[in-house]
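Chemist: Please model the complete structure; the sequences and the hints are all you need to start from.
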Amino acid sequence: MSTAADTILSVRGLSVGFPVVGGLLRRRVGTVRAVDRVDLELTRGETLGLVGESGSGKTTVGRAIVNVLRPMHPDVELAGAIEMTARDGSRADLNGLERRAMEPWRARVQMVFQDPFSSLNPRASVARLIGRPLELHTDLAADARRARVEDLLEKVGLQRSYAERFPHEFSGGQRQRIGLARALATHPELIVADEPVSALDVSVQAQVVNLMQAVAREFALSYVFIAHDLSVVHHVSDRIAVMYLGSIVEVGPATAVLESPRHPYTRALVAAIPRPDPRRRGRERVRLEGDIPTPLAKPSGCGFRTRCPIARPSCAAAAPEPEVVGTGHTVACPHWRELG
Amino acid sequence: MPHDEKPPVLRVRDLVTSFAIGDRRAVAVDGVSFDLYPGETLGIVGESGSGKSVTALSILRLVPNPPGSIDGGSVEFEGIDLLALSYPQVRKVRGARIGMIFQEPMSSLNPVLPIGRQVAEAVEVHEGLPRALALERAVEFLTAVGIPDARKRLDHYPHQFSGGMRQRVMIALALVCRPKVLIADEPTTALDVTIQAQILDLLGEMQRQRPETAIVLITHDLAVVAETCDRVLVMYGAKVQEVAPAESLFAAPRHPYTLGLFGSIPDPARKGQPLATIPGNVPHILDLPRGACRFHTRCVLAEERCRTSEPELVEVAPRHSVRCHLAADGRDTRAEMARANAEARP
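So the sequences go chain by chain: A and B. Here our numbering is used: position 179 in the first sequence is 179, and no number is missing along the way. Here our numbering is used: position 154 in the second sequence is 494, and no number is missing along the way.
Since the hints were made in silico from the structure, they are not lab data. Computed from a predicted structure; not experimentally measured. Positions of the beta carbon are idealized from the N, C-alpha and C atoms, including for glycine. You may find that some hints are simply not true.
[What the hints assert, rightly or not] Straight-line alpha carbon distances no greater than 25 Å define the calculated DSS-like cross-link-like pairs of lysine-lysine that follow:
#	chain 1	residue 1	chain 2	residue 2
1	B	Lys432	B	Lys520
2	A	Lys298	B	Lys492
3	A	Lys155	B	Lys611
4	B	Lys611	B	Lys346
[Claimed, not checked] Not close to chain B: a few residues of chain A, all C-beta gaps over 10 Å, as computed:
#	residue
5	Gly45
6	Leu97
7	Phe113
8	His235
9	Arg279
10	Asp291
11	Leu296
12	Ala297
13	Ala311
14	Ala316
Modeler: Below, the structure is given as structure tokens:
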């Protein structure tokens with residue numbers, strides 16, 4: 001149990017299972033463990049990068065933190081604790097909270113999506129989209145709400161008059177700014193951003209990254225930044241957690257994890273990142289063979305052993321426990337020293 | 341390695357392609373010219389709406405008509421203008437001597453035909469080989485692209501493969517007739533980074549085995565270009581803005597747009613500091629500036645002449661050409677951009 005004053009989020013033993021249905025009667029035939037006993041700690045004001053490939057469970061962890069899994073999937077199996085400590089000192093395990101009790105926490109934890117408008121009403125104006133959370137979580141009168149919406153638009157670099165417009169009138173980058181304004185409306189303390197810049201043109205990505213960092217400073221925000229683009233994640237994150245098949249395989253300071261990775265999967269992932277330097281062309285690199293297995297057929301023991309260059313029979317026996325390899329840097333592989 | 345002493349295998353000249361949008365026509369490719377040499381990998385880099393993918397579709401005569409039409413120019417392949425051929429004649433070239441790979445293999449593979457049949461059919465149609473021999477060739481190529489147990493998997497359907505494996509099947513299909521030119525449009529964009537690395541390695545390996553094969557790689561990702569391409573063409577607003585050997589482009593980019601793209605890539609040495617950005621948004625294809633530099637609305641160095649006259653593509657260093665008034669005058673656009681960005685920073 002972490003009760004340190006500067007800890008905003010403490011995830012302990014988070015497991016998420018989705019039911020698998022099969023057969024003619026669509027009966028439940030099993031459970032997919034999308035997330036398997038994940039521990040995460042987030043210090044107030046910190047950005048934690050959560051990286052991994054498709055099927056790694058990173059998005060599911062993000063959704064569990066904002067507590068939207070149960071509304072999305074009523075049959076989901078959730079275990080573990082998602083303990084959040086608010087600025088005012090109040091504390092709750094979001095995982096166990098019912099709708100009513102969750103309400104004050106909804107204002108404190110917000111989410112930013114890859115395409116913020118895929119889940120929003122296309123016929124609602126920007127004023128309504130950004131004003132909605134204010135309606136739910138504050139008792140501001142209509143004109144005060146409107147003024148706040150326009151302030152927020154200005155904060156994210158848009159004109160106040162855009163409040164009258166509709167989502168389809170905006171480019172991808174502008175939409176992401178509006179999504180961020182909506183997330184900021186309730187003065188959140190934590191934002192879970194799921195691939196916030198992946199759908200944007202390269203020249204626009206940098207604008208949104210800069211904006212997210214600027215508002216983080218201004219609002220003293222903490223981020224869980226979920227993305228597959230490791231160069232962007234490295235840029236924004238204080239610490240990085242690497243996921244593979246539902247488990248965290250390595251977590252530590254961003255530069256340590258990406259510049260001296262210890263887990264064989266992180267090594268391979270970092271080696272696979274293309275670098276903008278033609279002089280490096282043709283280098284021989286470690287390459288992972290094959291594909292990430294589906295969580296339905298997760299290997300026993302260490303999930304990575306089927307693609308791991310240093311796997312041995314004992315890796316099938318038990319899931320590896322995290323080992324400390326440096327300051328705040330842990331690796332879930334008992335054989336990491338062999339990589340040198 | 342490029343073989344510049346040999347004649348180009350593909351000569352694209354003044355290509356113009358437009359689309360009807362409502363009652364207006366949008367010119368998606370506006371006078372694009374380039375040569376592709378045997379054994380060369382040419383990268384075409386651009387953002388959405390730059391015209392890079394429409395350029396590829398135009399070369400392959402795959403522009404849907406209507407609403408699209410190729411309005412001018414020529415695409416000379418082995419001395420024949422593909423734009424002047426009839427559709428049946430084009431089909432004989434496409435898939436045989438010019439192979440193609442797209443971002444989403446599911447949209448190009450036939451979902452109800454086993455993969456063995458699909459790959460073999462290309463050989464049957466284009467080379468007239470009997471089914472049994474064509475299937476043998478299919479096994480050979482599926483094995484070469486890294487499909488495990490290829491012979492056993494001939495009867496499998498595309499949906500039975502993962503995204504990375506489907507992209508391998510598509511590469512086998514693109515290469516099975518041993519094309520002279522391979523056109524790959526964002527071939528790894530939908531894939532995870534470890535799978536992307538496998539596919540890029542595979543393309544490199546294929547080219548080592550058949551050194552004459554030329555590749556056009558279309559991507560938005562400068563890092564992918566750095567890892568794979570000999571020469572790079574940067575497109576913005578339907579036009580080529582800069583073209584250069586990869587080493588020259590990465591060592592000394594000249595066009596403010598190219599410089600802006602490089603500035604947007606996070607540099608680990610400047611972790612956490614504000615990234616250099618290109619102001620504004622990619623303009624809609626109907627709103628491109630006319631009679632002016634296409635990029636001037638977003639360019640921090642723009643001057644009066646940039647708003648009133650469109651620059652030509654001018655060679656500023658060996659084989660390195662730029663469409664920018666300032667760069668053409670020999671100005672150090674890179675240093676000027678760095679200064680402008682430093683001043684803009686709070």
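Chemist: Please verify that the nearest CB of chain B lies beyond 10 Å from Arg279(A)'s CB.
Modeler: Not fine: 7 Å to the nearest Cβ puts Arg279(A) too close to chain B.
Chemist: Could you grab the alpha-carbon distance between Lys432(B) and Lys520(B) and see if it respects the 25 Å cut-off?
Modeler: Holds: Lys432(B) and Lys520(B) sit about 13 Å apart, inside 25 Å.
Chemist: Starting from Lys155(A), check that the Cα of Lys611(B) is at most 25 Å away, please.
Modeler: 23 Å, holds
Chemist: Measuring Cβ to Cβ, find out whether Ala316(A) lies farther than 10 Å from everything in chain B.
Modeler: 21 Å, holds
Chemist: Measuring Cβ to Cβ, find out whether Leu296(A) lies farther than 10 Å from everything in chain B.
Modeler: 13 Å, holds
Chemist: The output says Ala311(A) does not contact chain B. Does that hold with a beta carbon cutoff of 10 Å?
Modeler: Non-interface label stands for Ala311(A): nearest chain B Cβ at 16 Å, farther than 10 Å.
Chemist: Can you confirm whether the C-alpha distance between Lys298(A) and Lys492(B) stays at or below 25 Å?
Modeler: This hinted pair holds, its Cα atoms lying about 24 Å apart.
Chemist: Taking the minimum C-beta separation from Leu97(A) to chain B, is that value above 10 Å?
Modeler: 34 Å, holds
Chemist: With a cut-off of 25 Å on the C-alpha distance, tell me whether Lys611(B) and Lys346(B) pass.
Modeler: Violated: Lys611(B) and Lys346(B) sit about 45 Å apart, past 25 Å.
Chemist: So is Asp291(A) really clear of chain B, every C-beta pair being over 10 Å apart?
Modeler: 5 Å, violated
Chemist: Confirm or reject: Phe113(A) is not an interface residue toward chain B, with every Cβ-Cβ distance exceeding 10 Å.
Modeler: Per Cβ check, Phe113(A) is outside 10 Å of chain B; nearest 19 Å; holds.
Chemist: Verify this label for me: Ala297(A) is non-interface relative to chain B, using a Cβ-Cβ cutoff of 10 Å.
Modeler: 12 Å, holds
The structure does not agree with the numbered hints 4, 8, 9 and 10 stated previously, though it agrees with the rest.
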